[in-house]
Amino acid sequence: MTATTFETHEVVNQPPPQPSVNLYESDPILIGALEGVLDSTVEVALGDYGKFWGSAEARELGRMANLHGPALKPTDPFGHRVDQVEFHPAYHALVRRGATAGLAVSLWDEEDETEKKRRHALRAARLMMAAQSECGHLFQLSSTSAALSVLTAAGDIGTEWLARALPRRYDHRFAPAADKAGITIGLGITEKQGTLPFIEPSTRATRDEETAGWTLTGHKWFLSAPQSDAFLVTAHAPEGASLFLVPRLRADGSVNAIRFVRLKDKLGNRSSATVEAEFADAEAIVVGTLGTGNEGLATILQHVRFDAAAMAVGVMRGALAQAVHHARHRAIAGEHLLDQPLMARVLADMTLDVAAATALTIRIAHAMDKAAEDDGEAAYARLVIPAAKYWITKTAIAVSAEALEAVGGNGYVEDHDLARPYRDAPGWALWGGPGNVLALDVLKTVEDGAEAFDAAVGEIAVDLDRQASTSADLIREAAQACIADQGSARILVEQIALTAAAAALHRFAPRPITDAFVDTRLSGPWRASYGMLDARFDARGIVDYAFPAS
Numbered sequence: 001m002t003a004t005t006f007e008t009h010e011v012v013n014q015p016p017p018q019p020s021v022n023l024y025e026s027d028p029i030l031i032g033a034l035e036g037v038l039d040s041t042v043e044v045a046l047g048d049y050g051k052f053w054g055s056a057e058a059r060e061l062g063r064m065a066n067l068h069g070p071a072l073k074p075t076d077p078f079g080h081r082v083d084q085v086e087f088h089p090a091y092h093a094l095v096r097r098g099a100t101a102g103l104a105v106s107l108w109d110e111e112d113e114t115e116k117k118r119r120h121a122l123r124a125a126r127l128m129m130a131a132q133s134e135c136g137h138l139f140q141l142s143s144t145s146a147a148l149s150v151l152t153a154a155g156d157i158g159t160e161w162l163a164r165a166l167p168r169r170y171d172h173r174f175a176p177a178a179d180k181a182g183i184t185i186g187l188g189i190t191e192k193q194g195t196l197p198f199i200e201p202s203t204r205a206t207r208d209e210e211t212a213g214w215t216l217t218g219h220k221w222f223l224s225a226p227q228s229d230a231f232l233v234t235a236h237a238p239e240g241a242s243l244f245l246v247p248r249l250r251a252d253g254s255v256n257a258i259r260f261v262r263l264k265d266k267l268g269n270r271s272s273a274t275v276e277a278e279f280a281d282a283e284a285i286v287v288g289t290l291g292t293g294n295e296g297l298a299t300i301l302q303h304v305r306f307d308a309a310a311m312a313v314g315v316m317r318g319a320l321a322q323a324v325h326h327a328r329h330r331a332i333a334g335e336h337l338l339d340q341p342l343m344a345r346v347l348a349d350m351t352l353d354v355a356a357a358t359a360l361t362i363r364i365a366h367a368m369d370k371a372a373e374d375d376g377e378a379a380y381a382r383l384v385i386p387a388a389k390y391w392i393t394k395t396a397i398a399v400s401a402e403a404l405e406a407v408g409g410n411g412y413v414e415d416h417d418l419a420r421p422y423r424d425a426p427g428w429a430l431w432g433g434p435g436n437v438l439a440l441d442v443l444k445t446v447e448d449g450a451e452a453f454d455a456a457v458g459e460i461a462v463d464l465d466r467q468a469s470t471s472a473d474l475i476r477e478a479a480q481a482c483i484a485d486q487g488s489a490r491i492l493v494e495q496i497a498l499t500a501a502a503a504a505l506h507r508f509a510p511r512p513i514t515d516a517f518v519d520t521r522l523s524g525p526w527r528a529s530y531g532m533l534d535a536r537f538d539a540r541g542i543v544d545y546a547f548p549a550s
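Mind the numbering: the sequence shown is residues 1 to 550 in full-length UniProt numbering, read in order.
No lab work stands behind these hints: they were computed from the structure. A quick note: this is a predicted structure, and the numbers were derived from the prediction, not measured. All C-beta atoms in this analysis are idealised placements derived from N, C-alpha and C, irrespective of residue type, glycine included. Incorrect hints may appear among the rest.
Computed list of lysine to aspartate or glutamate pairs in EDC-like fashion (alpha-carbon distance at most 20 Å, straight line) [said to hold, decoys possible]:
#	residue 1	residue 2
1	K444	E494
2	K444	E200
3	K444	D544
Have a look at the derived ranges for each label pair, beta carbon to beta carbon [claimed, not checked]:
#	residue 1	residue 2	range
4	G408	D534	47 to 53 Å
5	N410	T159	49 to 55 Å
6	T217	N410	47 to 53 Å
7	N410	A333	16 to 22 Å
8	L342	R490	28 to 34 Å
9	P510	A251	54 to 60 Å
10	I332	E110	55 to 61 Å
11	L342	Q14	30 to 36 Å
12	E405	E451	16 to 22 Å
13	L38	P238	49 to 55 Å
14	D76	L38	48 to 54 Å
15	R490	N410	50 to 56 Å
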């Protein structure tokens, strides 16, 4: 496209539109982290997936899905309650892509042998790539996968609903689940007074003695993916807090007694819908054993938190890619910004965190893939997931803000794509629990078993070299301090996350990037912003390696 010249002035020194780029082939850290589980078939599939999500088409679908957000439709034209949420076709196109790729079901599809023993790692890579272009649509897919983590162990009801989800078809029709080509499941965990395990749900479950069925009466302050075919919710039964599946439509096709009060007017992730909901004797099905809601919720949260971390990696990499593109084309005093030492060091400093977050996320995914057969990897995943989610989601906020600043005024305007990740990033810090909740969860892991904690720390240390014993000792010292002083829990969590990230880089990344991260994150002076690398490190080389010029 040729530049347009106006009568008043010629537009110069503006970067061209961001080109289409294959998000898999252009990410050497991701490729390195996956190297041990790749084969030619998987590489082709990831390449095709990365090609779409880095395309102008994907970015345009994301823009349209956010520009034309969901709308609540409480009744049909004749006044009957339907409580539906309507979406722009761009949103459905995005979810369809993710559903076909297995983001909702690949972890639970035991009949699919192609991704056996690497399901978490490959799915995490897909989550990260999709989130670089648009992450709001991923709530619906992540919620479904997390719900299936407990439904798969819930007997006949789980078998029935898993079978409905497995076809990897996205069918957004408002129809009974049994009549659809594929289904999704939302989550209803949070109430106005708080969330399990800290506060008991006020929603009450009542058993019908004649039918042996259950009904729920109460509310959910945040109900994710309200367009789903069913919701996995917490409620109080006589036996204690429990999990229930609430179908959107009853078996006879009538609308279940779920009322959507209003859509949440969210700061970010505006393509997706979250509602306030009320249940008025809504039909429900027990999931698992009555009174074990806390245990089931812990399983769900482990998956939600991992997904939040993976998607936050995608958000920050997408934001940083825009800043790097801008710096490669914008010139000051005849020299491109990326060729100037100060900008190069700012972008390189951000790149270190993005690279470390990428490596850490895939390292955790490998641990989840091995957890059933390796107690050390299981302990690692249990400890590091909340710590990684804590650090990665907070870092995504900082990276998105700094990327916006690097681009300048254009980044602050909604016409450009940087405003969206800046608004979206904080949502992942909340999804699955904010910082203090995560810190307390890590502390609980430490208190529950010294043996498992030591095994997890050992898994971290095995990938470190000169820092191994020192870093492991620092984590153990921070853990002891935490037990004596709960208020220091964030120090422990950050130490675990940074050390685990450094270890993951040691395993997957080139030495110059690893050394720069270790020397600036695990040692050296306190840092409050990006751009603190000194001349020892090849700032331009770090950026060009992680974000190859296209």
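Status of the hints after comparison with the structure:
no., hint, in the structure
1, K444 / E494, "holds (16 Å)"
2, K444 / E200, "holds (19 Å)"
3, K444 / D544, "violated (41 Å)"
4, G408 / D534: 47 to 53 Å, "violated (25 Å)"
5, N410 / T159: 49 to 55 Å, "holds (52 Å)"
6, T217 / N410: 47 to 53 Å, "holds (51 Å)"
7, N410 / A333: 16 to 22 Å, "holds (19 Å)"
8, L342 / R490: 28 to 34 Å, "holds (31 Å)"
9, P510 / A251: 54 to 60 Å, "holds (57 Å)"
10, I332 / E110: 55 to 61 Å, "holds (57 Å)"
11, L342 / Q14: 30 to 36 Å, "violated (21 Å)"
12, E405 / E451: 16 to 22 Å, "violated (46 Å)"
13, L38 / P238: 49 to 55 Å, "holds (51 Å)"
14, D76 / L38: 48 to 54 Å, "holds (50 Å)"
15, R490 / N410: 50 to 56 Å, "violated (35 Å)"
Hint check: violations occur at hints 3, 4, 11, 12, 15; the rest are consistent with the structure.
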